[in-house]
Amino acid sequence: MRWDPQQYGRFAEERGRPFLDLMQRVCIQRPRRVVDLGCGPGKLSALLAERWPSAVVEGLDSSAEMIEAALALGSRVGFRVEDIVEWTMPADIDVLVSNATLHWIPGHLDLLARWAAQLPVGGWLAVQVPGNFDSPSHALMRSLASSPRWAGSLAGVLRHHSVPAPSSYAAILLDADLVADVWESTYLHVLAGSDPVLEWLRGTGLRPVLAALAPDDALEFERRLATLLRAAYPATQGGTLLPFRRIFAVGHRVDRPA
Numbered sequence: 001m002r003w004d005p006q007q008y009g010r011f012a013e014e015r016g017r018p019f020l021d022l023m024q025r026v027c028i029q030r031p032r033r034v035v036d037l038g039c040g041p042g043k044l045s046a047l048l049a050e051r052w053p054s055a056v057v058e059g060l061d062s063s064a065e066m067i068e069a070a071l072a073l074g075s076r077v078g079f080r081v082e083d084i085v086e087w088t089m090p091a092d093i094d095v096l097v098s099n100a101t102l103h104w105i106p107g108h109l110d111l112l113a114r115w116a117a118q119l120p121v122g123g124w125l126a127v128q129v130p131g132n133f134d135s136p137s138h139a140l141m142r143s144l145a146s147s148p149r150w151a152g153s154l155a156g157v158l159r160h161h162s163v164p165a166p167s168s169y170a171a172i173l174l175d176a177d178l179v180a181d182v183w184e185s186t187y188l189h190v191l192a193g194s195d196p197v198l199e200w201l202r203g204t205g206l207r208p209v210l211a212a213l214a215p216d217d218a219l220e221f222e223r224r225l226a227t228l229l230r231a232a233y234p235a236t237q238g239g240t241l242l243p244f245r246r247i248f249a250v251g252h253r254v255d256r257p258a
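Here the sequence shown stands for residues 1 to 258, numbered as in this note's numbering.
Hints are computed from structural coordinates only; laboratory data are not their basis. A quick note: this is a predicted structure, and the numbers were derived from the prediction, not measured. You may find that some hints are simply not true.
[To be verified] Label pairs and their computed distance ranges (CB to CB):
1) Gln29 - Ala226: 45 to 51 Å
2) Pro257 - Ala218: 57 to 63 Å
3) Pro90 - Ala64: 31 to 37 Å
From the three backbone atoms N, C-alpha and C, an ideal C-beta is built for every residue, glycine too.
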């Protein structure tokens, strides 16, 4: 599945706010190494380099398109293409960040548990995942994909399970003997423009559908989905309201006496 950094960036402010809220809970002054796993187009990773100018900051993503966009920023972050599932934690890491990435990985709780177990003393682990898979936007997309017109082409393309409850993320951090700070927030985004919820989905959740369909079929699917989304998210004079729930988990390993 190819990613489009430009489409993803259409709502950069709304997508970036959870990252900022997440990083406010990471309390370290001078980390040695900071790694952003699933860095996307890199603008948020660049903020990490600004916050900690003495740290080695790395941004990894499996999308070559995203890394190409990140490298074009000209920041001092070391960006590279890498599958974060295969990534090996360096011994000198102090901050590990994964923002809006883990939910794309099947069995991501196992991966998170591995990271938590390997986190060194003094290290911080900060992750954020969308928790909106039961919202009308995704429910309508799944329902349309499973309708007779599309079921044959889209069988298995969209996942039908939500991410687990915040307590599941807290349990992983606590089982790894980390100090856990876990919460959820629902943002009420006010989106401008024509069919803005469809435009939002084009940058993320709709990508697997568009990749699986021929161009003409993809356009037809989008037209039908747009009609459904307009009814579920009616435009107001000030814009279209999009509630968006997100789950946050921050873990810190302290040096406990034996």
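Okay, the hints, checked on the actual structure:
no.	hint	result
1	Gln29 - Ala226: 45 to 51 Å	48 Å, holds
2	Pro257 - Ala218: 57 to 63 Å	59 Å, holds
3	Pro90 - Ala64: 31 to 37 Å	23 Å, violated
Violated hint for the displayed structure: number 3, the only one.
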